[in-house]
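2 protein chains.
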Amino acid sequence: MKAAEALLEKIVHGVTSQLSQKTFDVAPYIQGLISDASQGERYAVCGITSQHPLNMYFEHSILDGSYFLGRCRVKDAMLYKADVRGDELKRQGEAFTHQGAVIDVPADESIQIEASCLVKTLVHNFSHDPKYLDRFPVLNTCALDYANIHGAPTCGSVLGPFSTVDLTTVRDCVIGAYAYVQAGKIAHMTIDPGTLWIESKDRFNFQYRYPAAVLEAYVSHGPRQAPQGILCDFMAAKEHLWGALDQAAPPTTAGEMPDGTSVDQYAILRGQNRFEENVLVSQRAYLEHTHMGKGSNAQENCHVIHSHLAGNNVTAHGAKIIHTRLGHNVFVGFNSFLRGSASCPLTVGAGSIVMPHTIIDLKEPVAIEPETLIWGYIGGQKDLATQSIRIEAFKHSHARLERENMVFEGDGAALVAGLEARITHILEANGAFFDGTGHVGHAQQHRHMAYHTLQPYPEGALGGIYPTIEILP
Amino acid sequence: MKAAEALLEKIVHGVTSQLSQKTFDVAPYIQGLISDASQGERYAVCGITSQHPLNMYFEHSILDGSYFLGRCRVKDAMLYKADVRGDELKRQGEAFTHQGAVIDVPADESIQIEASCLVKTLVHNFSHDPKYLDRFPVLNTCALDYANIHGAPTCGSVLGPFSTVDLTTVRDCVIGAYAYVQAGKIAHMTIDPGTLWIESKDRFNFQYRYPAAVLEAYVSHGPRQAPQGILCDFMAAKEHLWGALDQAAPPTTAGEMPDGTSVDQYAILRGQNRFEENVLVSQRAYLEHTHMGKGSNAQENCHVIHSHLAGNNVTAHGAKIIHTRLGHNVFVGFNSFLRGSASCPLTVGAGSIVMPHTIIDLKEPVAIEPETLIWGYIGGQKDLATQSIRIEAFKHSHARLERENMVFEGDGAALVAGLEARITHILEANGAFFDGTGHVGHAQQHRHMAYHTLQPYPEGALGGIYPTIEILP
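Protein sequences appear in the order of chains A and B.
All letters in the first sequence, in the order written, are residues 0 to 472 by numbering that gives the first Met the number 0.
All letters in the second sequence, in the order written, are residues 0 to 472 by numbering that gives the first Met the number 0.
Just so you know, not all the hints are guaranteed correct.
Since copy identity is lost for identical chains, a pair holds within one copy or between any two.
[Claimed, not checked] Quick list of in silico lysine to any residue cross-link-like pairs, SDA-like style, CA-CA up to 20 Å:
#1 Lys394 / Ala212
#2 Lys74 / Asn54
#3 Lys1 / Ser49
#4 Lys1 / His447
#5 Lys130 / Val101
#6 Lys1 / Gln50
#7 Lys74 / Glu469
#8 Lys200 / Ala100
Calculated directly from the structure, the hints in this document are not laboratory data.
Since we're looking at a predicted model, the values are computed, not measured.
Model the full assembly from the supplied sequences, consistent with the hints where possible.
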């Protein structure tokens, strides 16, 4: 494993040299990963369809348990159970609109991951930075468990466990555990753990901060210490199920699917699940006793258990939905944790928006009215007074709005319009509006998927490293 | 499947244009293969070790159910359940001796398969033609079920089912079903079905011809007609077991193996098998209730069932051994079919050589004395009088020796010396003589094997065709 160890050292060196926050010591987080990895899945999976432009290149990297879709280039990197999704890549000649200006995409876009270490990280392109039209970079970056790099070119940064950088160009930053940032561009910043920050310059700024005790209970970590807390325990309890990937054996999916619906072969279905049309269940999604209404989706690392999704529901990457009924068009954001139980179910009324990184963990039944905006930590009905607002009311907020741990400044209608436009885009991209011929999205494109599975050298000087592999059309 | 159909047409055109025997119509043999293939295994497997120089390249080809090991380049070809073994490739700068002259190998050798259609075919390099030191070509060739291209550069030729070309450069030839040719170089020839021909110019010439009725019973074929007969039925009865490959799931091997022994993950073990040291069981070998003595091997497509191999036994590619006891150092040649039963077992004494393409199919027990050379068709003890000879006696044959359907001319000792040298080489290459540090061979090198599994485009214009894939160190 000499080459594998040398690779990690090189990655640590690269991240450290880019990071101006010299107090943050990356090495303890990365060291030990090789022994973790070598006990786990020693396969990488490449999804092959005729719809996604193929051009995958892997050089001198560890790819254990990872999944790739679309154009990507990985070099000198360690990816451990990471998902790299390139199914919304820009194509050469496409028109890209930025702040009113229309720019031609100069070449087919590719995801480029270099000198980085990504642990159970989701990388999804669809970036909005005109500087990166033909390549979506993740460079000299260390992302810890279940971080989410979503349309966010990231360089020289550290992402804490369950953190999300979303539509934000990130340079030389440390993003704390379970922090969510959507702020256009950030550099040389340290984002505190448990921060929810959505800013659109000159229009609005939304900030929420988890109480320290809540954050500690759900996810915390430190150097030489694996992330811990309720979110980690929840994921760990299901970890053994993904052994299927270890065998490189696509598990059998549940027979015939309705028109326009696809369930990835690397998803897991347990118990009785029902699927209507135009449903997308992505790789590493887990479904148990769940009804997926027409046009709903469960994206990577989502868990939807004993729940009912009425239709056009987005379950964004890493969200968990348990003993919950969602009305039509309810959106559940990244890494949210909605946990009811048989005796204390959760109901969310139609058209509601559950903000990313929301925790609703119930000891009593809770019903949320339709058209509600929800954020932060909710343990029971009374917390809704401070952690939610009717969308209509929020739209009329034009100045400063303060609630427990939350401050909003600016134009509420602009935030809502932004969220709604994005939800519509997500539904459209995922194929929710497929009509038999038009509005094709991921749910339809993924119905016919083939796979390449790759393994590293089993021993010797290159042991643990994957051969150089190039896959072209 | 438009591209797949166009590919087959192109292959037919290529073979036909190279073949001067215009009476042989290749098309009917190749047409229909796509529908066969699309119902079967849609995976190709690449074996990855640190011992075999990696350089695999696949372009515009169908590779269903095939297995690759070592450097190879496949272009515009259809391989269906083929095995391509490049683990005896020559390395740059190695000394190659040909008729006393020593030549430096100019570059690392690679197997090059182009514009060819190989069905369940074994391709093994280790060629002896100084013209092809850095590439081992199979070009414009159509090889039917279980043909064996063994160290035999082959161009513009058709190989019938269960035929073998061995250490022979083959150009513009039609090789009949179950024919075996080892003759240095052949061109513009038609070899009749059921021919066994071993010739070393100016030294010896061994020819045997199967009786037409026997050949018809064991393997026959015609245009638009799948090969049929006992050999085909035997293989077909086990065909469903290889579904494991279809799942790309390496089946679990039988726990701990003795030192120096390896069982490929794509081999199948049934019942109680025992393994001594330095045993090699290759991919697509099938073992059932068998004892593999020290240094024995079962190569690709071999079946060894209810049998006992005492030690240093070679079971060459495609050989079947059933209810048989082999003494030490018994060699069983390519595609031989040795079938005893519980009540009619076969015993072969130590040091015997079963020539390639020998059929021993018993209705009474048969015991063959040690140090015997055996060929042709043997149904009972009495057939040994005409189809075998003690090796010592054969060594003293200096002129013409005639037996039923067999003619030998030349120096018997030279043939025996050639066979014995080759058997020693095979045992050595396969690792039979491994002493804990030295004499490493395939059995030791294959103990740590990783795999890439590849799939074709599942649908669309390129449906059935594999993406272009390059695998480098």
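The hints, checked one at a time:
1. Lys394 / Ala212: Neither way: Lys394 and Ala212 sit 31 Å apart in one copy and 90 Å across, limit 20 Å.
2. Lys74 / Asn54: both (14 Å within a copy, 18 Å between copies)
3. Lys1 / Ser49: Close across copies (14 Å), not inside one copy (38 Å); limit 20 Å.
4. Lys1 / His447: between (39 Å within a copy, 17 Å between copies)
5. Lys130 / Val101: within (13 Å within a copy, 60 Å between copies)
6. Lys1 / Gln50: Answer is between; shortest inter-copy Cα gap is 17 Å, intra-copy 39 Å.
7. Lys74 / Glu469: Both. Shortest intra-copy (12 Å) and inter-copy (16 Å) distances satisfy the 20 Å Cα cut-off.
8. Lys200 / Ala100: within (17 Å within a copy, 79 Å between copies)
Hint compliance for this structure: hint 1 alone is broken.
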